[in-house]
Amino acid sequence: MKLYLGFLESSLPHETRIFGEVGGKLIDLKLAYADYLSHTANSSAADYELARYYFPETIAAFLNRGETAQKALDEIVFFAGRSGVANLRGPAGEKVTYDAEEIRLLPPFQNPEKSFVIGFSDRARKEALPKPEVPTGFYKLPQTFVTGGAPLVWPKFSEELDADACLALVIGKAGKRIPPEQAWEHVAGATLVVDVTARDVNRREGLTTNNLLGKNFPSSTSLGPPLWLKPTRKELASAVIQLSVDGSVRQQFALSDCVFTIEQIVARWSILGIKPGDFLAIGASMALQGDRLQNPAPLKIGAKVVCSSPAIGELSHPVVSSKGMNR
Amino acid sequence: MKLVTFVYKNHERIGALDDVGRIVDLHKAYETYLCEAECNPTADHLAMVALGRNMVELLKRGAASLEAARKALAHLGQKKKAADGETVFECSTVRLMAPVPRPGALISAGKNFSDHVAEMSSTKGPAAPVAFLKLPGSVIGPEDDISYPTEVKNLDYEVELAVIIGKPCVDVTEDEALQYVAGYAAFNDISARDVIRAENKTGIHLMGKSFPGFAPMGPYLVTADEIPDPQRLKLSLSVNGEKRQDSHLGYMIFKICEMISYWSQMGLNPGDVLTTGTPRGVAAGRKPDQTPWWLKPGDVVEAEVEKVGRLRNRVVVE
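If you're matching them up, the sequences are chains G and W in order. Residues in the first sequence are numbered from 2 upward in steps of one, following my numbering. Residues in the second sequence are numbered from 4 upward in steps of one, following my numbering.
Note that these hints are calculated values from the structure, not bench results. Remember, predicted model here, so these are calculated numbers, not experimental data. Ideal Cβ positions, reconstructed from N, Cα and C, are used throughout, including at glycine. Heads up, a few of these hints could be off.
As the list claims (entries may be wrong) - Covered stretches of chain W (chain G as the covering partner; in silico rule of three or more C-beta atoms under 8 angstroms from a C-beta of chain G):
1. 105-111
2. 139-152
3. 196-206
4. 210-224
5. 269-278
Based on the sequences and whatever the hints tell you, model everything.
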């Protein structure tokens, strides 16, 4: 199941909704669940309120509702399969089913406490450098988030921009100091992340073992489009993630290439405490320059960057100049 | 004005100090003002909309919300209202949180005092401002406990000034930078030196600066109009009453206006917090033996910035 966060043209910006992809269409889960409830023997005046409880305004809040909300989602899928996706209507006849073009998609997670990219983690890196003892990471500020379709705006302070593809493990259940053998229970699924870097600034900052400006500027983090909810561990570990620039493939990897296991990474960062909607993005190699595959792709104004994985979808971005942009 | 965030009946509230140092609940006070001075029939609703639900929302509302807060305080002042535990509180009766309990971004300068750079045995100061992100979730209040995580052996302190941004701020010059400051608070950049060392071997540090409770801030947000020149303030830190850091913000390598100008390249927002970096006197810099100065469970750390306020936090085993 894939979950999207978005809003309709006619709604206020904060009135976000969760959409589920069923039969190639996006369905408004809150209204679909209200409709389902209205068809059950337990239907009551509280149908809308219950639906709003299980399908609130953010995916993080939905995950926070726990297993009963997941069960509600299963009921919608079953109900939609029986009555036909195209025939779904809210209890008062509201529109439930949309084409993707009708929805303004948002990054599936808006303001997580922990939005980390775990560095130095793929096979290319493993060969190039000594094995890291711990999965280190850096923090991407939520104020830098965009999702597919948004322009990547070239920052004025950099001459050298590149992009790394990542697969982000999304946390579905809160925990702290989780042992590796229980870590998988805390993973709700995954989403794609493009980590954009001002490499010249990053290199300079790296001399002081810091990075900030080189990794955090408007549109330097793209995530989505959906949350790929509850893949099996095998599906997740073998999903192939690819980054292309103007159609030429620059990075390709799967989590099984990673130096650390999913469980080691979740266990390590859970030391700080993790919550639903937090993510740990595991990425392609960093900091190596050159033309061979797996190295970050140098970008140019006008380039098209696409990060994709068949099971999840794709994030596609034009690279644009900041000139004339109203930041 | 001194703005605070405090806890009342398990709810986060925003407040301000009145002229005798009591805490005034801003929503209640503004509601009273709207009701009594402007005869507004839905004063409670408008007070919430006008001030926002928390300090970041208040700052995002800009000058209008500060003006509302001033009117509310003045109105209560005229009435000489007694502490009633509803609108006006004696300070000792409520728990203060950090004035900005969850900043959008918490940007902490490193290597920004020449005496500190020297004690940490770096050869020279950096050519451009250096900073790292602390997780907003690591922020705690002025009297909350600093947790001593089981993973940590070398726990250190760093007194700093926190600069709270009040207006959206992109590519500003040094000359105009201070206009974007909402106010100031005292700050303690708690650091796990051993965790940082391990992280720096193959990456950058993140965990070592961001355990829960590693960012005491407060006690108030002192609005910028009360601090015309933040570079003229003294700052100091003591552990169990023994002075460890004692310096002056005039010794900063990159001044506050330079920091704001530089970091505004990434775009700063109301409620973002920049901290100045720390002067000499941290445990990691003690020569020849660092051991006696690492923080231990039970230690009381007091970090103070002149005219801004003092933090008093106890170190406790997590």
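Hint by hint, here is what the structure shows:
1. Closer than 8 angstroms: that is the beta-carbon criterion, and the segment 105-111 of chain W has 3 residues meeting it against chain G, so the requirement of 3 holds.
2. A stretch counts as covered by a chain when three or more of its residues have a beta carbon under 8 angstroms from one of that chain; for the segment 139-152 of chain W and chain G the count is 3, and the coverage holds.
3. Residues of the segment 196-206 of chain W with a Cβ under 8 angstroms from some Cβ of chain G number 6, which satisfies the need for three, so the listed coverage holds.
4. Against chain G, the segment 210-224 of chain W contributes 4 residues with a C-beta closer than 8 angstroms to a partner C-beta. That satisfies the three-residue criterion, and the hint holds.
5. Interface restraint, the segment 269-278 of chain W with chain G: holds (3 residues with C-beta to C-beta distance below 8 angstroms; minimum three).
The structure is consistent with each of the numbered hints, conforming to all of them.
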